[in-house]
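Visitor: Given next are the chains, with one letter for each unit.
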Amino acid sequence: MALLEVRHLTKRWPTGRLALDDVGFEVREGEILGLLGHNGAGKSTIMGITLGMVRPDVGEVRIGGRSVQNNRGAALQQIGAIYEAAVFYDYLSGWQNLRVLCSLSGWWDETEVKRVVQMVNLNRAIRQKTATYSHGMRQRLALAQALLPQPKILLLDEPTDGLDPEGIREFRELILHLRKHHGMTIMLNSHLLGEVEQMCDRCVILKDGKKVFEGQVPSQEKSRRIFQLGTNDIGLAREVLDRCGATMDKFGIVEVPLQMEPHELVTALVNGRVQVSAWQPHRRTLEELYMGLSSRS
Amino acid sequence: MTLFFQQWYGELLKLFSRRRTYIGFGAFVALELIILLLIKKFGMGPIQKAIVGSGQSFEYYFSALTVASTIMGFAIFLLGALFLSLVAGDIVAKEGEDGHMRLLLARPVSRFRLLLLKYLTCSGYAFLLVQFFAWTSFLLGLTLRGWGGGFFAIVPEISVVAFYDWGPGLQRYALSSLYLGLSMTLISSIAFFLSCFRIKPATATIGALTYILVDFIMRTSGFMENYQFLLLTKYMACWGRILAENIDWPLIWRGYAVIFAVNITLFTLGYAVFESRDLKS
Numbered sequence: 001m002a003l004l005e006v007r008h009l010t011k012r013w014p015t016g017r018l019a020l021d022d023v024g025f026e027v028r029e030g031e032i033l034g035l036l037g038h039n040g041a042g043k044s045t046i047m048g049i050t051l052g053m054v055r056p057d058v059g060e061v062r063i064g065g066r067s068v069q070n071n072r073g074a075a076l077q078q079i080g081a082i083y084e085a086a087v088f089y090d091y092l093s094g095w096q097n098l099r100v101l102c103s104l105s106g107w108w109d110e111t112e113v114k115r116v117v118q119m120v121n122l123n124r125a126i127r128q129k130t131a132t133y134s135h136g137m138r139q140r141l142a143l144a145q146a147l148l149p150q151p152k153i154l155l156l157d158e159p160t161d162g163l164d165p166e167g168i169r170e171f172r173e174l175i176l177h178l179r180k181h182h183g184m185t186i187m188l189n190s191h192l193l194g195e196v197e198q199m200c201d202r203c204v205i206l207k208d209g210k211k212v213f214e215g216q217v218p219s220q221e222k223s224r225r226i227f228q229l230g231t232n233d234i235g236l237a238r239e240v241l242d243r244c245g246a247t248m249d250k251f252g253i254v255e256v257p258l259q260m261e262p263h264e265l266v267t268a269l270v271n272g273r274v275q276v277s278a279w280q281p282h283r284r285t286l287e288e289l290y291m292g293l294s295s296r297s
Numbered sequence: 001m002t003l004f005f006q007q008w009y010g011e012l013l014k015l016f017s018r019r020r021t022y023i024g025f026g027a028f029v030a031l032e033l034i035i036l037l038l039i040k041k042f043g044m045g046p047i048q049k050a051i052v053g054s055g056q057s058f059e060y061y062f063s064a065l066t067v068a069s070t071i072m073g074f075a076i077f078l079l080g081a082l083f084l085s086l087v088a089g090d091i092v093a094k095e096g097e098d099g100h101m102r103l104l105l106a107r108p109v110s111r112f113r114l115l116l117l118k119y120l121t122c123s124g125y126a127f128l129l130v131q132f133f134a135w136t137s138f139l140l141g142l143t144l145r146g147w148g149g150g151f152f153a154i155v156p157e158i159s160v161v162a163f164y165d166w167g168p169g170l171q172r173y174a175l176s177s178l179y180l181g182l183s184m185t186l187i188s189s190i191a192f193f194l195s196c197f198r199i200k201p202a203t204a205t206i207g208a209l210t211y212i213l214v215d216f217i218m219r220t221s222g223f224m225e226n227y228q229f230l231l232l233t234k235y236m237a238c239w240g241r242i243l244a245e246n247i248d249w250p251l252i253w254r255g256y257a258v259i260f261a262v263n264i265t266l267f268t269l270g271y272a273v274f275e276s277r278d279l280k281s
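Chain order of the listed sequences is A and B. The numbering used here puts the first residue of the first sequence at 1, with every later residue one more than the last. The numbering used here puts the first residue of the second sequence at 1, with every later residue one more than the last.
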């Protein structure tokens, strides 16, 4: 079931630049969806529209069936978010910051807040002013505020930006813990391919405001029919593969068509006088997919 | 309603946790002390002349109340406008600039409600600052002249001159400080309105101060004689009429009705501007 639906979003900034061009996708319950794209691809604009902070020219976002554009208050009841860099009030303590933010959701439960603060490992510093916090602590506080009060969906806009490797790993484990133990649905906006590959089930790739891919993250794909072909006769191999309905990219990665078994394709190659020096299952990386899409367009 | 007060508490907590908020209070006390020292050293020349010129006893009317209202008259327009513009100019623009607004509006709270909370906070601050100023002036007056005596009230810009005994004088002083507090919310409203635009907080502050200053200059200059009804400082000065022997309530209420209407208009326009903005860095 789709918990968050992005429908035909189009947004043009006052400067005339097209930020989004008819973008649509959905985030299913319990999944982690990665939103990928270069800087300025439109990832944060989608986040902004989802939170009702940016108005789309066309289209809408629905959360749990409620339109953000028509009923923002009710739709946002189910969301927790880190949108762009989380900037806290430095002159307030972490606890006071949480109190101010939670009051805007009309909610305050000290026991639950303490539980979440403990979960993000901030219980020692929570009474200190946030001016004294490191970047990692601020990000953990940002996650804590997003988790209060118990959202169904978490929107994370480049949450590991600026974190050190330990911080990134800690944050990643926290997110995966949230999905595993709390069944949280998460939309993660990032330009870090590795981060998306390790955390997400599916991804949407944006390029210049357009959706160029929506599907499973390659490393998560269960039954692939992709092989690495080793041969010196690239031209001849391509001819044979074309005849069989298979495709091969410039790196020799072959996708076997559904109507054939992989060994039949190898037989066809050998019969077509292609010298096959290697034929091994290949797991595509997200980077290959992303770079392929970038170079194609 | 409880929710509204909880949210307002959050705004007040933010306002009163900042050092800048207290600079206004501190600056007022410092200025009050300077004026008090000047009064101690040089006396109250023009005030003394006015009292004696009216055939009254200077010793009787040179009281804590007279000192307090003199101090207030000097300092409120010097510093009041500045600090109110500073706080109200910051309240939306600074939060937008720093990125706090994105954190706040990721919550299921409407922009209208958020702005209303902020507007009430800066208007409340304006009122509180004036009360603080009125009563610290009074306390300083007490240290100089002690309890008792008369009250010589003078507001030259609206030609109000009056003499009171201690009891009625204290009542008038208290009442006028409340109305002065209401008048000063207008400065907050102007700064708040400008703060709703996508501009630097300092620009909102300077814009509000400039508007009030230009308005004041135009009111005091002769060539705007026939257009005074267009100038906001004319209505702001209505608080002084409380000190007149015969209070012209219809005139005062008319003035405050205009202030109230302008405040609501500025809030509504500010909201409209803010509502139409896309909040993205």
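Heads up, a few of these hints could be off.
Unchecked claim - One side only, chain A facing chain B, incomplete, derived with CB under 10 Å:
id, residue
1, 14
2, 16
3, 18
4, 44
5, 91
In short, the hints are calculated from the structure, not lab data. A virtual CB, placed ideally from N, CA and C, is assigned to each residue, including glycine.
Visitor: Which numbered hints does this structure break?
Guide: Failing hints, ascending: 2 and 3.
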